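Colleague: If you read the sequences in order, they're chains F and B.
The first sequence begins at 1 in the working numbering and counts up by one.
The second sequence begins at 1001 in the working numbering and counts up by one.
You may find that some hints are simply not true.
Simulated pairs of lysine to aspartate or glutamate, EDC-like, Cα-Cα distance not exceeding 20 Å [stated by the list, open to error]: (1) B/K1090 - F/D28; (2) B/K1837 - B/D1720; (3) B/K1239 - F/E5; (4) B/K1958 - B/D1903; (5) B/K1958 - B/E1651; (6) B/K1089 - F/E5; (7) B/K1750 - B/E1836; (8) B/K1958 - B/D1934; (9) B/K1727 - B/E1836; (10) B/K1970 - B/E1959; (11) B/K1222 - F/D28; (12) B/K1750 - B/D1711; (13) B/K1650 - B/D1272; (14) F/K4 - B/E1528; (15) B/K1907 - B/E1967; (16) B/K1571 - B/E1585; (17) F/K4 - B/E1790; (18) B/K1799 - B/E1776.
Between beta-carbon pairs, the in silico distance windows are [what the hints assert, rightly or not]: (19) B/G1738 - F/L44: 20 to 30 Å; (20) B/L1159 - F/A24: 47 to 57 Å; (21) F/L44 - B/G1484: 42 to 52 Å; (22) F/A24 - B/R1430: 15 to 25 Å.
By construction, these hints were calculated from the structure, which means they are not laboratory data.
Bear in mind the structure is a predicted one, so any value in this text is a computation, not a measurement.
Where is the CB? At the ideal position from N, CA and C, for every residue including glycine.
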Amino acid sequence: MKNKELWIFIFLAGLLGFSWPVLAIVRDGVGTYLFVFWALFIGLAAVAARAGGRQR
Amino acid sequence: MNIHSVYFLGIALAYLVLLFIIAYYAENREQAGSSIINNPYVYSFSLAVYCSSWTFYGSVGKAATSGLAFLTIYIGPTLMAVLWPVVLKKVIRISRANNITTISDFIGSRYGKSLVVSAVVTLIAVAGVIPYLGLQIKAVMSTFAIMTGESRSSSIVGLILTIVVGVFAIIFGARHLDSSERHSGVVFAIAFESLVKLLAFVTVGIFVTYGLFHGFGDIFSKIRLAGFGHLLLLGSGSKTGYGEWFALNFLSMMAIMFLPRQFQMSVVENYDESHVTTALWLFPLYLFLINLFVLPIAFAGILKGVTGHRADYFVLTLPLQYGGRVLSLFAFIGGFSAAVSMIIVSSIALSTMIMHSFVMPGIVSLSGMPRYHAWVLNIKRLVILMIVLLGYLFAVYIGEFYSLVDIGLRSFEAVALFAPAFFLGLYWRRGNKAGALAGLIAGFLVWFYTLMMPGLVKAGVMQHNSLVQWMMNSRALAPNALFGVQGLGKWGGPLVWSMLLNVMLYVGVSVLTRRSKDEEIQSLVFVESYDKVKELIAGSSYTVGDIEGLLAQYIGSTEAYDTVQQFLIRKDTTRDRLTPRELFELRSDAEMTLAGAIGTPMASLVFENKLELTEHEREDLSRSIQGITRNLRSSRQELTERNRELMYLKEFSENIIESAPVGIITVDGLLRVNYWNREMERMTGVRHDEAINRSILLLLPWIPNHVLIGDEEHELTVHDQAGSTFKLKASPLKGSLGGYVIIIEDISEKKKMEEQLLQTSKLANIGKLTAGIAHEIGNPLASIFSLVQELMALNFRSKQDLTFTVESLNTINNHVERIARIVRSLGDFARVHTSEKTVTDISEILDRTLSLVKYDKRFRHIEFNRQADSIPGMLVNPDQIQQVFLNLILNALDAMPGGGRLDVRMKANDGFVEIQFSDTGAGIDPAVIGRIFDPFFTTKPQSSGTGLGLNICATIIKEYNGNISVESRKGEGTTFFIKLPLRENIR
């Protein structure tokens, strides 16, 4: 996967995770879910950024 | 204004003075050539100007009333941030190549450098952002009132602070006319403020969560029991539907790209494109941390029933009621920081937009004034002051009718209108100026009607006449349900309609209308690569003389000539040989020279000779621009000079590092290699480009981890897997980024030579000993010979013969054993040992050495006195230690040719083994005592000394991190002291 495509994929994964219907599935614990998913998403971005930097 | 107001005003002003100092420091560093803002972490923190007082106060208010909806304002930017490598980097590249300094210039430039598009974008931005600025001032005034205990906000305090902040923005943001230069002072001050507000908010959060309650679980369970469980939900049963949730996320995604202050920090102030890669995760992490305690603070406010002020200010009122003055003061400073940073950057960005879109075109027609450039600069300063004062007026007269979040979201809706013209303009070539204008204007009208007009009518700014009344009450045109469509939400409705009309008109009009040649070129610059533009322009009718002549009219013939010459040198060509492509590039260069001073659209107009001026006006304008250019030229020349010096220094240091006979590596804080010199390539076979950005621990696994931890220097000898020996020195790098510089020297050859030298020296010592020991072997041999002769003469007939034979054989056996012992000792000593260290009792080595020398007849007149304590086993090379002892003993022997006494003492003391060799010999002349450890220095006749013995001793002892020294008195004797550290050499 090229660098640009990787970032677009991560963006789409985030968009899905932060939107309906996923939010409706975790309705009862949506507050906790949002913070956990948010932290994981940032972690994923950091790992991808480091990996991208190494490739260059 | 009461005494409390004066006290808090003093604190706020003191904080601003601190900001002045910080900004001044950063500017000085920039001028000294060591920019402090050329750093991905400073860049990431400066982006947190996004978190204004809305974040600091308003998020809690929003959470207390609408639950989780506040998160959308931070989740949107988080999502957008992962697209920065695709979008933001492209925007930075285009902006840098075209000298673009504002979002309005960017969009205007895309559509044929259109001044009209720029002006519309500026108008929307001003209309959208001024209320947002007012929000910050309103927050400052309200928090002042809370802190001082006044019932109403003091407008005088607000005015004083507004003016001081405006002055700050003028000093650090409008010192020069060239808006393409970076404002290092502002950037660093903003980064500092971001840290302050984060710390303040988190501190209040921790106090509320763990000081007033027993953690997150406690607060959340209590809020559910209190009947506010819906605040922890989304969708049905909550105050935020999924549609609204999506709309707010979308709005904040657009805001992080298009808010003028964000464009200023992320694009204009960007020092290095690679900083974006760090910011894309660090900035969202900042947002995550500052939001971690929003819900606990909001719920705590509800549970504690904090009254008297709205939920917007729970961050301040909770510490004020329960936390004491220090905590509440810290919270106040945090909120003040958040507001001030937004005001400063927004006013700088908006002023540049207004200057380029409205003021500069006006000034062109009024040119001819003396000191024109000074006037332009002063007008920019005035514009900054006007912007902050407009914000102040909004805060005082209209701000009361809205909550913090309501005002902020109106701004987000306004800047989101740029999205179609911006994004489609970046990736769709057909989009043109007419389409962009149609979309922007339609979107702006929807925005104004649905979001601004109701508030303005309510505040009395607009007349509530019959037409307005009819429109607002009609079923089809009600602002909160446009065209009768319900259920889109308060923010979703305006967004959907403005965006729908915007996109439809942009695409529709673009498809139906034609693009001018300028628009075609610019669409290629923005969408495709620059090379295609060159192809398109290949048929340009410009000549080099035209370009130089046109430029000379405005900036003077010398400057114009210089610009052309510099271009020709760069391209390595002449005026006659310029290709059409190169002519286009020359024209772009010339246009950029003007753009830095008067904005991109104006430079484009000037260059295309679209300005219809009389000869007199042209001369006046030319003089004025020449004034500006001279100003720019002097700073540019200064910069060029500095750059040249810097380049020379860089080249000089790189040459030294590259030609150094030692390996030099630098690593960053994460131990990733960022420098790898030629010697390292030779030593390891790893090429420079293969090593860069890889972990040093993976590249050189034989480097012990502990040397790359902490702030201490380390120097040690290490071996790689192939058995080569290296001397390694690791020193921490100074500076905020951390990291280490590692110097590696391959000492394998040196080690081999040392071992050979040791062996040679040992053989020389054996040579010396052999002469002395020969008689030890000769005497018993003579005795054996004599006894054998006598035994051969016996006839073994008598008992006496038998008895003599037995006694003789015993004697012979004793002699043979003695000879064997001597030969074995010599053989042991002469054997080539490995260089490996083993756990050894060094007192045993001493005994072995003493036994060896005792066979030498010259030692018969020497009295030995040995005192050795019990020493723990040490990790040493026994061969090396024996060599040291033997050298010192033989030296003592040489010093006492007529006999004497040699005392040898060995003891463990205070973590060291101390060994002392004292003789009663001739002593050493004080004049030469300082040189006795030098190689090839000897006081003995050349035939008997090489001058290497003591030097070898010193080298060996140093290898064990020990120390050897000498004391001597002429005629009385000499003492050698050896100290070996036990801790480092013990196992």
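Colleague: Are the hints correct? Go through all of them and say.
Modeller: Structure-based check of all given hints:
1. B/K1090 - F/D28: 41 Å, violated
2. B/K1837 - B/D1720: 17 Å, holds
3. B/K1239 - F/E5: Outside the cut-off at roughly 36 Å; violated.
4. B/K1958 - B/D1903: Since the Cα atoms of B/K1958 and B/D1903 sit roughly 24 Å apart, the hinted pair is violated (cutoff 20 Å).
5. B/K1958 - B/E1651: 37 Å, violated
6. B/K1089 - F/E5: 15 Å, holds
7. B/K1750 - B/E1836: Roughly 16 Å separates the two Cα atoms, so the pair holds.
8. B/K1958 - B/D1934: Given that 20 Å is the threshold and the Cα spacing comes to 14 Å, the pair holds.
9. B/K1727 - B/E1836: Given that 20 Å is the threshold and the Cα spacing comes to 17 Å, the pair holds.
10. B/K1970 - B/E1959: 30 Å, violated
11. B/K1222 - F/D28: Between B/K1222 and F/D28 the Cα gap is close to 16 Å, so the pair holds against 20 Å.
12. B/K1750 - B/D1711: 30 Å, violated
13. B/K1650 - B/D1272: Answer holds: B/K1650 to B/D1272 is near 18 Å, not above 20 Å.
14. F/K4 - B/E1528: 16 Å, holds
15. B/K1907 - B/E1967: 19 Å, holds
16. B/K1571 - B/E1585: This hinted pair holds, its Cα atoms lying about 10 Å apart.
17. F/K4 - B/E1790: 104 Å, violated
18. B/K1799 - B/E1776: 33 Å, violated
19. B/G1738 - F/L44: 20 to 30 Å: Given about 25 Å between the Cβ atoms, the range holds.
20. B/L1159 - F/A24: 47 to 57 Å: 49 Å, holds
21. F/L44 - B/G1484: 42 to 52 Å: 43 Å, holds
22. F/A24 - B/R1430: 15 to 25 Å: 39 Å, violated
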